[in-house]
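My request is simple: use the sequences and hints to build the entire structure.
Counting in our numbering, the sequence shown runs from 30 upward without gaps.
Please keep in mind that the hints were generated in silico from the structure rather than gathered at the bench.
Ideal placement from N, C-alpha and C gives every residue a C-beta, glycine not left out.
Take every hint as true, because none was put in to throw you off.
Subject to a maximum C-alpha distance of 25 Å in a straight line, what follows is the list of computed SDA-like cross-link-like pairs (lysine to any residue):
no., residue 1, residue 2
1, Lys75, Ala134
2, Lys49, Ser121
3, Lys49, Val231
4, Lys75, Val231
Computed Cβ-Cβ distance ranges for the label pairs, DEER-style:
no., residue 1, residue 2, range
5, Asp221, Ile132, 32 to 40 Å
6, Gln177, Asp106, 16 to 24 Å
7, Leu74, Asp133, 17 to 25 Å
8, Ala209, Asp45, 41 to 49 Å
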Amino acid sequence: MPQTEQLWLELPPMSDQAPKRLIVFLHGAGSSPEVFAPVAIAWQLKFPGATAVLLQGLEPSPTEEGFDWFDQRGDVDARTAQLQVALDTLASRIELLQTNAGIDATQTIVVGFSQGATVALELARSQPQLASIVVAYAGRLASPVRPQEQISAVIHLIHGELDTLVPVVYARQAHRGLSAVGATVSLDIIEDGTHSIGQDMVIVGTTRAMQSVFKGRKPPGAHKDRTLH
30 MPQTEQLWLE LPPMSDQAPK RLIVFLHGAG SSPEVFAPVA IAWQLKFPGA TAVLLQGLEP
90 SPTEEGFDWF DQRGDVDART AQLQVALDTL ASRIELLQTN AGIDATQTIV VGFSQGATVA
150 LELARSQPQL ASIVVAYAGR LASPVRPQEQ ISAVIHLIHG ELDTLVPVVY ARQAHRGLSA
210 VGATVSLDII EDGTHSIGQD MVIVGTTRAM QSVFKGRKPP GAHKDRTLH
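Right under this line is the structure:
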């Protein structure tokens, strides 16, 4: 199958004994599922019963090899329209994956990086029935949170302090906006972190997700801004 027709890359669970889950990964702009695979495998080590599905961006990137979820070069209206197409398409694909695996939203985690993190955050806002946990690495909101919004997913924002491509100010803005409407959200700022997902970010992300899975253990620092040293 030509690469342009690939919809996703699927990694089977590492253990048949561990609880079943679905973890959906959304790569950054100009990237591909294969590039994101090491991050997915690191997550599976913490969730060995999970099927990891790395979705592929919907269109070839205009500036690099790889794929984008939407074209960021157009005006606001064009970007908004393309983002909505991406959200509708991804929601349909995730629902199909859930049906095939016999898994529902309570067992589904969406993990995104950069442009993929923006898409993950917007899925949490527009498709509340899709996943129970969203982890956004180096992400930003596509639009400000509206006062009447209701967001049911637990959201974990993780950002490198030294990220120059998506400055940490966007994570702080997202945290403030989501907190203001009562969303369950945490923000971890990784000291010396850049625009990448290193081992420390994997540890923070999986730890946050595990804390959310085990009900009754509130994520420490939720609704707070923490810088990790």
